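Chemist: Okay, here's what each chain looks like letter by letter:
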Amino acid sequence: MTNPEAESEAVLAFIRERQAEVLSGAISQLSECSIVDLPAVLHKATGSVGSYRLEDAHALLVELSGVVSDPTATQAGIEEARARTVDALRAAGTGAHA
Amino acid sequence: MSETILVIDDASDVRDLLSFSLKDAGYRVVEADSGPTGIEMYHAHQPDLILLDIGLGSMDGLEVCRQLRAVTSAPIIFLTSRADEVDQLVGFAAGGDDYVTKPFSPKVVLARVSSLLRRKQRGGDDDERTKFQVGPLTLDTESRLAALDGVALDLTRTEFDLLTVLIENPARVVTRETLLERVWGEWYGDTHVVEVHMSRLRNKVKKAGGPSIGTAVRGVGYRLGLT
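Line by line, the protein sequences give chains R and F.
Per this note's numbering, the first sequence starts with residue 1, numbered consecutively.
Per this note's numbering, the second sequence starts with residue 1, numbered consecutively.
The shape of chain F in the complex, shown without the other chains:
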């Protein structure tokens, strides 16, 4: 294992713990204590994955994420400390792939890192069928392009993967467990993460003038919807 992880956090204790745990698991680690330094480190090291604290000082994590997203599709995991920060992730559709709340267990962080890196390596070529169309929505898992009435949707990796699972099963309810397994791989955290990303996906499609998708079926999961 030789993937490089960039850790951006202004709390040195947290950086030290993450860095030690990641190195112990065989990753190469580079660190930054601020947003601007993090962006410089990204360009210098081209990491495979980024762990990014939301509550940075001069440039907050959401802004750092936006700037990184302009130049890379590397998975980004947010580190958050408060419930209102999780709300921000939803509201701002910040472009992260996952989040971990502080206090964190290093083992859980490692599991999320490993899962996202596996997804990145796997790419979109697991399935034989690669092109889908349901109503105004089209999806190409080879080029990883999603479009509404022919206009490209700006989706994160996670949102694209969620939409893929739904559109592959347009007439079925997809369980939360299936979504977790297909999109996140092995999962140790709370299943709230599905709601967070589904809500972002739903909002993006709606804002683009599309139909309501990702209809929740209480206690079971989600269906594509298209209502």
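Just chain R, with the same shape it has in the complex:
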């Protein structure tokens, strides 16, 4: 049985090549979508960013998902968390591990 974590070199190279683009796309979508669309956008972005092994960014998106899905969260609180996450994504780099 092969190690499931051992991706082929070609796949790893593809992941590395696309990481910046994937992160930048996620940041754009996240910052531009309406608050109504935010859960769906986050849902998609979290899957993409994590699959491209952007681990720090993935952790930030998971944290924001927690805020968005909290039934007690206010609209202002969600907007504040979104702005904080977008800033952190821009500042923290990719956290890439491919």
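Please keep in mind that the hints were generated in silico from the structure rather than gathered at the bench.
Since the structure is predicted, the reported quantities are computational estimates derived from the model, not experimental observations.
Just so it is clear, CB atoms sit at the ideal spot from N, CA and C, and this is done for glycine as well.
Mixed in with the good hints there might be a few duds.
As the list claims (entries may be wrong) - Stretch-level coverage of chain R by chain F, calculated; a stretch enters the list once three of its residues show a Cβ under 8 Å from a Cβ in chain F:
| id | region |
| --- | --- |
| 1 | 7-20 |
| 2 | 38-50 |
Unchecked claim - Which chain F residues face chain R? A few, computed with CB under 10 Å, are given here:
| id | residue |
| --- | --- |
| 3 | D24 |
| 4 | S58 |
| 5 | K107 |
For chain R, the structure is supplied; the task is to place chain F on it using the hints.
Modeler: Frame of chain R, contents of chain F only:
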């Protein structure tokens, strides 16, 4: 290797990664960014296996699966992002053969694809004995028909294979590892997949008026049951 895989996902980044990985492993890949396009692509290319995102926009993955299941028995692997989507898979008995959670490792997806394609090629002719009857349940592994009191049960490939392993060993506890090996082949993911499919199988038999089957034996596996 020249099998064709249809990837249906509205996230282009995810499609690109899956497509690249599958092509790198030697598969032919066709892609669709929506449910309706996916169904069109199925008819145009007759793929050997389908990777299907549950969270599609206008037509969700469960509905796409239902429509595909009406025309094909090709293995379908769901791509899911949330625990509640896994619950949906159980609740709706959607007809998929397996699921992979996002974020995913391309290597794990490839392992699941390869395993399901091997099962598809192997068909039901591995065993000498092909007809079984235990209580009201009958099973024919050659025609791949399962019936309860003579009425056909609508089982997915995975559910049928699970029932086959249980009914071949009616008086024994079948370990989770044996089920994984017999039904999924090489397995890299978590063993929760056995519970998910066993629960679907159990519900289908029960809904058809049958007995409780697939009794869990804590820490070991399952027995056919028939209680």
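Chemist: Against the earlier hints, flag every one the structure doesn't satisfy and list their numbers going up.
Modeler: Violated: hint 4 alone.
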